[in-house]
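**Q** From first to last, the protein sequence lines stand for chains A and B.
For the first sequence, position 463 matches number 463 in the working numbering, and the numbering has no gaps at all.
For the second sequence, position 437 matches number 437 in the working numbering, and the numbering has no gaps at all.
These aren't lab readings, by the way, just hints derived from the structure by calculation.
Be careful, since some hints might not be right.
Facing chain B, a subset of chain A residues (Cβ under 10 Å, in silico) [as the list claims (entries may be wrong)]:
1. Pro-323
2. Ala-500
3. Glu-582
Computed, partial: chain B to chain A, Cβ under 7 Å [unchecked claim]:
4. Ala-146
5. Pro-166
6. Pro-216
7. Leu-350
8. Arg-423
9. Ala-485
10. Asn-506
11. Pro-509
12. Asn-567
13. Pro-571
14. Asp-584
15. Thr-586
16. Ala-587
17. Glu-593
18. Phe-595
All residues carry an ideal CB built from backbone N, CA and C; glycine is no exception.
2 protein chains.
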Amino acid sequence: MSFIVNRRDVDFLMYEILNLDELLASERYQDHDRETVAAVLDLAQQMAEDEFLPCAAELDEHEPVFEDGQAKTPPILKKILKSFVDAGLPTASFDTDLGGMQLPALVSNFVQGIFQAANAPALGYHFLTASNAHMLHACGSESLQAQFLAPMIEGRWLGTMCLSEPHAGSSLADIRTVATPKGDGLYHLSGTKMWISGGEQDISDNIVHMVLARTPDAPAGVRGISLFLVPKYRVNADGSLGDFNNVVLAGLNHKMGQRGTTNTLLNFGESGDCLGYLVGTENEGLKNMFHMMNEARIGVGMLATMSGLAGYLYSLDYARNRPQGRHPGDKDPNEPMLPIIEHADIKRLLLDQKASVEGSLALLSYCAALVDKQKLASSDEEKGRLTLLLELLTPIAKSWPSEFTLEANKHAMQILGGYGYTREYPLERLYRDNRLNPIHEGTHGIHGIDLLGRKVNLAQGATLALFKAEIDRVVGRAQEHQDLATHCNALLEACAQILATVELVNAEPNTRKRLANATLFLDAFGHVVIAWLWLWQALVATEALAKGSDEEAFYSGKLAACRYFFNYQLPKVREQLTLVSELDTTALEIAPEQFIGS
Amino acid sequence: MSFIVNRRDVDFLMYEILNLDELLASERYQDHDRETVAAVLDLAQQMAEDEFLPCAAELDEHEPVFEDGQAKTPPILKKILKSFVDAGLPTASFDTDLGGMQLPALVSNFVQGIFQAANAPALGYHFLTASNAHMLHACGSESLQAQFLAPMIEGRWLGTMCLSEPHAGSSLADIRTVATPKGDGLYHLSGTKMWISGGEQDISDNIVHMVLARTPDAPAGVRGISLFLVPKYRVNADGSLGDFNNVVLAGLNHKMGQRGTTNTLLNFGESGDCLGYLVGTENEGLKNMFHMMNEARIGVGMLATMSGLAGYLYSLDYARNRPQGRHPGDKDPNEPMLPIIEHADIKRLLLDQKASVEGSLALLSYCAALVDKQKLASSDEEKGRLTLLLELLTPIAKSWPSEFTLEANKHAMQILGGYGYTREYPLERLYRDNRLNPIHEGTHGIHGIDLLGRKVNLAQGATLALFKAEIDRVVGRAQEHQDLATHCNALLEACAQILATVELVNAEPNTRKRLANATLFLDAFGHVVIAWLWLWQALVATEALAKGSDEEAFYSGKLAACRYFFNYQLPKVREQLTLVSELDTTALEIAPEQFIGS
Numbered sequence: 001m002s003f004i005v006n007r008r009d010v011d012f013l014m015y016e017i018l019n020l021d022e023l024l025a026s027e028r029y030q031d032h033d034r035e036t037v038a039a040v041l042d043l044a045q046q047m048a049e050d051e052f053l054p055c056a057a058e059l060d061e062h063e064p065v066f067e068d069g070q071a072k073t074p075p076i077l078k079k080i081l082k083s084f085v086d087a088g089l090p091t092a093s094f095d096t097d098l099g100g101m102q103l104p105a106l107v108s109n110f111v112q113g114i115f116q117a118a119n120a121p122a123l124g125y126h127f128l129t130a131s132n133a134h135m136l137h138a139c140g141s142e143s144l145q146a147q148f149l150a151p152m153i154e155g156r157w158l159g160t161m162c163l164s165e166p167h168a169g170s171s172l173a174d175i176r177t178v179a180t181p182k183g184d185g186l187y188h189l190s191g192t193k194m195w196i197s198g199g200e201q202d203i204s205d206n207i208v209h210m211v212l213a214r215t216p217d218a219p220a221g222v223r224g225i226s227l228f229l230v231p232k233y234r235v236n237a238d239g240s241l242g243d244f245n246n247v248v249l250a251g252l253n254h255k256m257g258q259r260g261t262t263n264t265l266l267n268f269g270e271s272g273d274c275l276g277y278l279v280g281t282e283n284e285g286l287k288n289m290f291h292m293m294n295e296a297r298i299g300v301g302m303l304a305t306m307s308g309l310a311g312y313l314y315s316l317d318y319a320r321n322r323p324q325g326r327h328p329g330d331k332d333p334n335e336p337m338l339p340i341i342e343h344a345d346i347k348r349l350l351l352d353q354k355a356s357v358e359g360s361l362a363l364l365s366y367c368a369a370l371v372d373k374q375k376l377a378s379s380d381e382e383k384g385r386l387t388l389l390l391e392l393l394t395p396i397a398k399s400w401p402s403e404f405t406l407e408a409n410k411h412a413m414q415i416l417g418g419y420g421y422t423r424e425y426p427l428e429r430l431y432r433d434n435r436l437n438p439i440h441e442g443t444h445g446i447h448g449i450d451l452l453g454r455k456v457n458l459a460q461g462a463t464l465a466l467f468k469a470e471i472d473r474v475v476g477r478a479q480e481h482q483d484l485a486t487h488c489n490a491l492l493e494a495c496a497q498i499l500a501t502v503e504l505v506n507a508e509p510n511t512r513k514r515l516a517n518a519t520l521f522l523d524a525f526g527h528v529v530i531a532w533l534w535l536w537q538a539l540v541a542t543e544a545l546a547k548g549s550d551e552e553a554f555y556s557g558k559l560a561a562c563r564y565f566f567n568y569q570l571p572k573v574r575e576q577l578t579l580v581s582e583l584d585t586t587a588l589e590i591a592p593e594q595f596i597g598s
Numbered sequence: 001m002s003f004i005v006n007r008r009d010v011d012f013l014m015y016e017i018l019n020l021d022e023l024l025a026s027e028r029y030q031d032h033d034r035e036t037v038a039a040v041l042d043l044a045q046q047m048a049e050d051e052f053l054p055c056a057a058e059l060d061e062h063e064p065v066f067e068d069g070q071a072k073t074p075p076i077l078k079k080i081l082k083s084f085v086d087a088g089l090p091t092a093s094f095d096t097d098l099g100g101m102q103l104p105a106l107v108s109n110f111v112q113g114i115f116q117a118a119n120a121p122a123l124g125y126h127f128l129t130a131s132n133a134h135m136l137h138a139c140g141s142e143s144l145q146a147q148f149l150a151p152m153i154e155g156r157w158l159g160t161m162c163l164s165e166p167h168a169g170s171s172l173a174d175i176r177t178v179a180t181p182k183g184d185g186l187y188h189l190s191g192t193k194m195w196i197s198g199g200e201q202d203i204s205d206n207i208v209h210m211v212l213a214r215t216p217d218a219p220a221g222v223r224g225i226s227l228f229l230v231p232k233y234r235v236n237a238d239g240s241l242g243d244f245n246n247v248v249l250a251g252l253n254h255k256m257g258q259r260g261t262t263n264t265l266l267n268f269g270e271s272g273d274c275l276g277y278l279v280g281t282e283n284e285g286l287k288n289m290f291h292m293m294n295e296a297r298i299g300v301g302m303l304a305t306m307s308g309l310a311g312y313l314y315s316l317d318y319a320r321n322r323p324q325g326r327h328p329g330d331k332d333p334n335e336p337m338l339p340i341i342e343h344a345d346i347k348r349l350l351l352d353q354k355a356s357v358e359g360s361l362a363l364l365s366y367c368a369a370l371v372d373k374q375k376l377a378s379s380d381e382e383k384g385r386l387t388l389l390l391e392l393l394t395p396i397a398k399s400w401p402s403e404f405t406l407e408a409n410k411h412a413m414q415i416l417g418g419y420g421y422t423r424e425y426p427l428e429r430l431y432r433d434n435r436l437n438p439i440h441e442g443t444h445g446i447h448g449i450d451l452l453g454r455k456v457n458l459a460q461g462a463t464l465a466l467f468k469a470e471i472d473r474v475v476g477r478a479q480e481h482q483d484l485a486t487h488c489n490a491l492l493e494a495c496a497q498i499l500a501t502v503e504l505v506n507a508e509p510n511t512r513k514r515l516a517n518a519t520l521f522l523d524a525f526g527h528v529v530i531a532w533l534w535l536w537q538a539l540v541a542t543e544a545l546a547k548g549s550d551e552e553a554f555y556s557g558k559l560a561a562c563r564y565f566f567n568y569q570l571p572k573v574r575e576q577l578t579l580v581s582e583l584d585t586t587a588l589e590i591a592p593e594q595f596i597g598s
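Make a model of the complete structure from these sequences and hints.
**A** So, in structure tokens, the structure goes:
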């Protein structure tokens, strides 16, 4: 079995749930069919298994080091990323006229995911490059695109997002980096950026930083933020590299996990002129930044999911092969030990992983399909509808997998017991890698505020109605199956409670009180979303079994995971939403001095 | 503020909750009073802060290495453990006639805990030595005690527990190490032991292994297990050290955390005669082993709790000092940023930590006081009652802190954001250290089966009734206070559901079905236990405030944490117990091939 992907599940999501065939039949994707899709996934899986997976532990142990002001990365990292580039894989998500493969996002998302499961920190360097290039294509001037886009798409130059500063992480309103107009359309950058993934490395010929900064006369706060493209090396008119642009590595952060990706503190313009190009217009930096950030957020959800999947597959294989103990009540020591997958609690730990991981994968795939459908939308109204749904789901697509596949990795480690806790096995590494995901690209708490404070009220509430319609669509079909009736009712009830909660919260005029339990709402809403996607999967599985499919194990496994999620996880939503709707102020009201009494 | 202990809370638990004064008034503890107790805690805190805490990161980074068949530990480790021994601190929990301080366990537990918060892996070497020595004192022959006890109590020789083998972790019935009688009361040991903490080190003059093994004609399974004392160096009649006893280090395990404690694979008798002494009688090894194991399990609960406390205190300090962002709805960027402790979600993350950590500390302190009261019990009946309560609470005292203070460490890291994820700050280390606790000394799942399969039915159910009486005692007093009435009702309801669940589960004849959701029961019962202890603390705080205490912040903080636990955590119990009592078989029934469909 593969330890990084379950291709049967990928096909299930692409073809049986999200109707990739319909996308492939469109003019936009006419160069692709089931065969080319399988071929690119085969290529990705083979390269990931042959090259990326075997060195994952080594990259974790020998992280990049700071030497003479440079970040030195291990040779093996350069080697595997060269294979990735040489095979043209960075181009998966770009249009043909930009030199890309023009794959549906539903497919390119899995290409990315397969590498993330094998070796997330290695793929990290390309992960942000893709979202930067998409943003540059959407927001940058023609000349900027002409200079920078092709090498980024091809993966020869790698990209970064430079938002945070040492004193300003979540609070972008307070960044201090300054961009002073030079007079010829260029700007002098000056400031310090923190937590910049891939901010310095010796892998690519150039690095393209996307930097948030303020112009000297910009208004305070987020309304005065602009976005600049700042290359590590300046680029001559003919595309060749010019002088060093004075983006200086001040230090590497030493992380708990994701160690193969450099994480940097960068000084801009301290040692000499650091030139940047404005992307879009002044003071609209945040809007442009969100173009790449939203994509990165969904990418973080995928990153988490694939750590979760890798842990799930590994612990499943271990549970099948590790003999230990006997059934309770059946203690004859002369009988052979059972493989631990026979023990109820091990099954529960596996089922919980399956429910979280495959549920998350369904969510990320659904989001990817929304992106594809946006591109095919026949009207602005249709496109707007898809955009609103994606906006609503983005905080959940980022946060739910980050929280709950971390729990899945915890379970995977538990299944291996002492072995899981040692560095000789991959579980503890996956768990350390995954722990980053609730922190970066907006902390878990920030996404709660985004969801309850903003997203549920977009378009005067039309967004929530769109989501409810998606649920009704699935429930409507599922209700035709007796076995799914209980789940349908549970989902409708939970969804009704979500809507009622939003109404009750909106009625409260005090903003602090309204948002005091936003994180609970985020988790609960996420549970409802995942329950919906499980019901959908169970529906398709039920129909397949009714048609006499010979894949009984696969489809009945989907039904079991659905039942698990509805019985063990969804019921948690009720009490959480009650707290949110009752505007519980226990947390809001405690004073700093009450925590330890001094 | 201290980053390892809140002495005000320690005093609260000792004097206001658990009535240490009454213990100190007894003849057994006549050498101690509030002053000597404070003095030994002062000593522990000062040594822990001055010597153990500053090198914790260094010990994590430079773990012991395997060289020439030996485990080489860093010099700093030897230095601080020498201070610990020189100060006489290993003797804290032993009786005066054994050369100990004869402190109540309620106090010595905090002495241990303070060092665990500062540097758990360093204290690890002494942690098992104490439980081994207690067991040896209770179960060993006089001559064994005469030879081995004093150097162990003094901390000159360190002890280990050798239970697991590479193929047998949880399933002790299947161990294969053999002890062949030599004819002179000694045995030849032969076999391999795995996961042995401190199994080899260069810190102490000798190592005393407590080894589970079978005699050649022993019955199969746990009924044929005996316990042997096996020293690293043989001991001459005059107490001097003799020949190497052929306990050979085969390798070190490289762990995710707790790196300062060696964790070893040991071969017994492979290279030559390895002699062991029988402890107690043949085939009663498991009973004797549990004497030390139960103490170690409660010690693991304390270990987890103190990792949780250290993370709580660190993140609290950070939250008070880190400015970031403004209140939602109050976004004027010209206003200064707030310390993050002002944000509702940060307060929630701190409150959850406070509730878990101080709740766990109350539980471990309650258990320690039970141990003290056993020693003072005036009748066998009274002693039996205390023993049953301790037996019932042991799986919870081990498991609840292991699970929920790990979550607390996750929250602490979240509060520090990117900083929390780096190795420059202690949070990620505490989180890694703590992750061991749900695995060792019985996995989380094993304790669930122990609790639901055995402990709740001890003494024909009298045990549960004793626990219920403890709850009623607190509720009876709390009901006198209007403000606590809701909590009282919630606790009684949850407790009633526990009892009803046990009854429903007991009525099911199929053992596998009965125990299929035992882990959920463990967590839910733990929540009820912690809720009871929070109500107790809130009761005492309410009474103190009513008496006009000038420690308003401390006591009202206790009330806030109690309210948090009852509003945010206790409600989770209902759905969990419903699953247990309805004997949900979703997990039990899934077949291995259904997980991924092949």
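**Q** Please flag the earlier hints that this structure goes against, numbers listed from lowest up.
**A** Of the numbered hints given earlier, those the structure breaks are 2, 4, 5, 6, 9, 10 and 11, listed in rising order.
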